[in-house]
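Protein chains in written order, with my numbering: chain D, 1 to 78; chain H, 1 to 274.
Don't take every hint at face value.
Stated by the list, open to error - Straight-line C-alpha distance at most 30 angstroms; calculated DSS-like pairs for lysine-lysine:
| no. | chain 1 | residue 1 | chain 2 | residue 2 |
| --- | --- | --- | --- | --- |
| 1 | D | K52 | H | K205 |
| 2 | D | K21 | H | K22 |
| 3 | D | K39 | H | K88 |
| 4 | H | K8 | D | K48 |
| 5 | H | K99 | H | K143 |
Stated by the list, open to error - Example chain D residues on the side facing chain H (calculated, C-beta under 10 angstroms, incomplete):
| no. | residue |
| --- | --- |
| 6 | N11 |
| 7 | R13 |
| 8 | T27 |
| 9 | T56 |
| 10 | S57 |
| 11 | G61 |
| 12 | M62 |
| 13 | K75 |
Simulated from the structure, these hints should not be mistaken for laboratory data.
Every residue, glycine too, gets a C-beta built ideally from N, C-alpha and C.
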Amino acid sequence: MSQETIDWQANYRGHPIKIGKRQIGKTEVYYVSSSPEKKPLVLTRALKSGGKEFWTSIPQGMQKEAEEIGAIIDKLEK
Amino acid sequence: MCYYNGQKVSREEFIRLMALEKATKNYDFLNKGVISGFTDTPVAVVVATEGNTNFDIVQMEWGFIPNYLNTREEVNRMRKGYKDTNGKYVPGQPQLNAKSENLFVSERSGRRSMFYDAAKNRRCLVLSSGYFDWRHVYRTNKKTGEKLKTPDKYPYYVSLREHEYFYMAAIWNPWTDKETGEMANTVALVTAVANPLMKQVHNSKERMPTILSDELAWRWISEDLSEQEILEIAATQYPYQEMSACTVASDFLGKLDPTEPFIYDNLPAIELVV
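Extracted from the complex, chain D is given alone in its bound form:
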């Protein structure tokens, strides 16, 4: 899986970010990179127990960023 392919470029908190969309099995995941030195942040859409969708980081620990960048992706995909 190449993480170099970029589907979108956007701005997050005043910094440029590159976003790549990939398919793993039947799930769409998004690789978000802000710098070539940093490991990309991986995001996906998941389901809350009530059935509502939410953005999450994979692995856990970056929920705030997942929600904020997820909202940017939602707009880019519209």
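Mind docking chain H on chain D? Use the hints.
Just chain H, lined up with the frame of chain D:
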């Protein structure tokens, strides 16, 4: 109920996300269309963590290796078959599956089963998005009207209508090669008597994997169950109304999407009049 990144999610969703973590990190198993028991590809297995309060997803070798086998050479002989001292061929037993009826007592010998300890102490779940089975159809000889001896075999992809991933009951065994010290965690799927759908799909053996609901899956790996309870869960027949079986191309293993439906013109449809 579990939490992922602070959000309340179902156990099924939690497992999906945990598996996704592995897929994006080290492994690729969610990206694999087919894992064959006859190759060395590891399978994703859900095991309870110590204290049975949580679970983890690990990789194991598919094909149960009993502890009475000492070396890889012996394992390969068991799996692939061999000629005994009289030159008679002994067919291979890859031990990919453990019949639910055989977990504690071997049907063949009537003695304690080689799965006994694993069924009692090392129950796990194999994570799956679907599996393949073959339906055997016997054509008739046009002259004699008799059934041909060799059936035509049609592969089916079987999945659950409402579940992207599901759990199959399994048991595992840690095995060590006594010559090389190689250690391997090996796993066998538990199978039950086929339900009405699988009776027609896997009509040569009329068996199916023991597919468990979220609730039963959790009980299977985390509770201290009696032998009777283990046998009852192991014999679970998943409701056929919630399953889907679709024919796929005979060379599906080499396809980009092995689950792509394929229609065989002469194949009679499955009938579900129950």
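Checked hints:
1. Proposed proximity of K52/D and K205/H is contradicted: the alpha carbons are some 42 angstroms apart, above 30 angstroms.
2. At most 30 angstroms may separate the alpha-carbon atoms for a hinted pair to count; K21/D and K22/H meet this at roughly 18 angstroms.
3. For the hint pairing K39/D with K88/H, the CA-to-CA distance comes to about 58 angstroms; that exceeds 30 angstroms, so the pair is violated.
4. The hinted pair formed by K8/H and K48/D meets the criterion: a straight-line CA distance of about 6 angstroms does not exceed 30 angstroms.
5. At roughly 40 angstroms between alpha-carbon atoms, K99/H and K143/H are farther apart than 30 angstroms, so this suggested pair is violated.
6. A least Cβ separation of about 24 angstroms between N11/D and chain H goes past the 10 angstroms threshold, and the interface hint is therefore violated.
7. Annotation: R13/D was flagged as interfacial toward chain H, and the flag is violated, the nearest CB pair being 19 angstroms apart, outside 10 angstroms.
8. Interface hint at T27/D: satisfied, since its Cβ lies 6 angstroms from the closest Cβ of chain H, which is below the 10 angstroms cut-off.
9. For T56/D, the shortest C-beta to C-beta distance to chain H is roughly 5 angstroms, which falls under 10 angstroms, so the interface hint holds.
10. The criterion of a C-beta within 10 angstroms of any C-beta in chain H is met by S57/D, whose closest approach is roughly 6 angstroms, and the hint holds.
11. For G61/D, the suggested interface contact is upheld, since its CB lies about 7 angstroms from the closest CB of chain H, less than 10 angstroms.
12. Hint status for M62/D: holds, given a least beta-carbon distance of 8 angstroms to chain H, under 10 angstroms.
13. At a threshold of 10 angstroms, the smallest CB-CB gap from K75/D to chain H is about 21 angstroms, leaving the interface hint violated.
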